[in-house]
Amino acid sequence: MISIKDAQKSVKEFVREKNWESGSLEIFNHLVEEVGEVARELRNNNKDNLKNELGDVLFLLFKLSNQQEIDLADAFTNKFKLIKEKFGILDSDRIFELTDKEWTSIEAELVLNKLNKTD
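Here the sequence shown is numbered in numbering that gives the first Met the number 0, starting from 0 and rising by one per residue.
Heads up, a few of these hints could be off.
As the list claims (entries may be wrong) - The calculated EDC-like cross-link candidates involving lysine to aspartate or glutamate, where the alpha carbons are at most 16 Å apart (straight line), are: (1) K8 <-> D73; (2) K8 <-> E20; (3) K11 <-> E68; (4) K4 <-> E84.
To be verified - Simulated DEER-style distance windows between Cβ atoms: (5) N48 <-> T76: 17 to 23 Å; (6) K78 <-> V31: 18 to 24 Å; (7) V34 <-> I82: 18 to 24 Å; (8) Q67 <-> L41: 24 to 30 Å; (9) E32 <-> I69: 35 to 41 Å; (10) F86 <-> E25: 32 to 38 Å; (11) K17 <-> I82: 33 to 39 Å; (12) K11 <-> K85: 17 to 23 Å; (13) L41 <-> E16: 30 to 36 Å; (14) E25 <-> L53: 19 to 25 Å; (15) M0 <-> D73: 17 to 23 Å; (16) E25 <-> D70: 19 to 25 Å; (17) N44 <-> G22: 34 to 40 Å; (18) G35 <-> A74: 38 to 44 Å.
Derived from the structure by calculation, the hints contain no laboratory data.
Just so it is clear, CB atoms sit at the ideal spot from N, CA and C, and this is done for glycine as well.
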């Protein structure tokens, strides 16, 4: 299995070798197109194609992050920490084990907390 850092570095090197550098908006437009293809495969319930389309999205996310000089491993680590704090889940392994019922409970609690805030 490849780490996020290694995958991002591999994409950077591959894009450079192929001379596929492009601007952020061009990469973003391509990324949005690929996300649309993910939606299509979800509707079609085609897991093989979905897997390929998700790979395209990930490749373009790495490409965009490289173009913007953003370390995705760091970005994800920081954001995941904030998500865990927001949802009150401190055990990082536990978040992947939550049932749909538990997620619904967490979501309901967040909505109630927002409604009860007096900012």
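Hint by hint, here is what the structure shows:
Restraint check for K8 and D73: satisfied, since their Cα atoms lie roughly 13 Å apart, inside the 16 Å limit. Restraint check for K8 and E20: the C-alpha separation of about 14 Å stays at or below 16 Å, so the hint holds. For a cut-off of 16 Å, the pair hint linking K11 to E68 stands: about 10 Å separates their Cα positions. Note on K4 and E84: the hinted pairing is violated, with a Cα-Cα distance of about 24 Å set against a maximum of 16 Å.
For N48 and T76, the hinted distance range of 17 to 23 Å is not satisfied, since their beta carbons lie about 30 Å from each other. Restraint check, K78 to V31: a C-beta distance of roughly 20 Å satisfies the suggested window 18 to 24 Å. Restraint check, V34 to I82: a C-beta distance of roughly 20 Å satisfies the suggested window 18 to 24 Å. Under the hint 24 to 30 Å, the C-beta atoms of Q67 and L41, about 27 Å apart, fit the expected range.
About 21 Å separates the C-beta atoms of E32 and I69, a value inconsistent with the hinted range of 35 to 41 Å. Look at F86 against E25: about 35 Å separates their beta carbons, and that is inside 32 to 38 Å. A C-beta distance of roughly 35 Å is found between K17 and I82, which places it inside the suggested range of 33 to 39 Å. Taken as a hint, the range 17 to 23 Å is violated for the pair K11 and K85, whose Cβ atoms sit roughly 31 Å apart.
Distance hint for L41 and E16: a CB-CB separation of about 33 Å, consistent with the stated range 30 to 36 Å. A hinted range of 19 to 25 Å for the beta carbons of E25 and L53 is consistent with their spacing of about 21 Å. Distance hint for M0 and D73: a CB-CB separation of about 19 Å, consistent with the stated range 17 to 23 Å. The hint said 19 to 25 Å for the Cβ distance between E25 and D70, and at roughly 22 Å that hint holds.
For the pair N44 and G22, the beta carbons lie near 35 Å from each other, so the given range of 34 to 40 Å is met. Our hint of 38 to 44 Å for G35 and A74 is violated, since their Cβ atoms are close to 23 Å apart.
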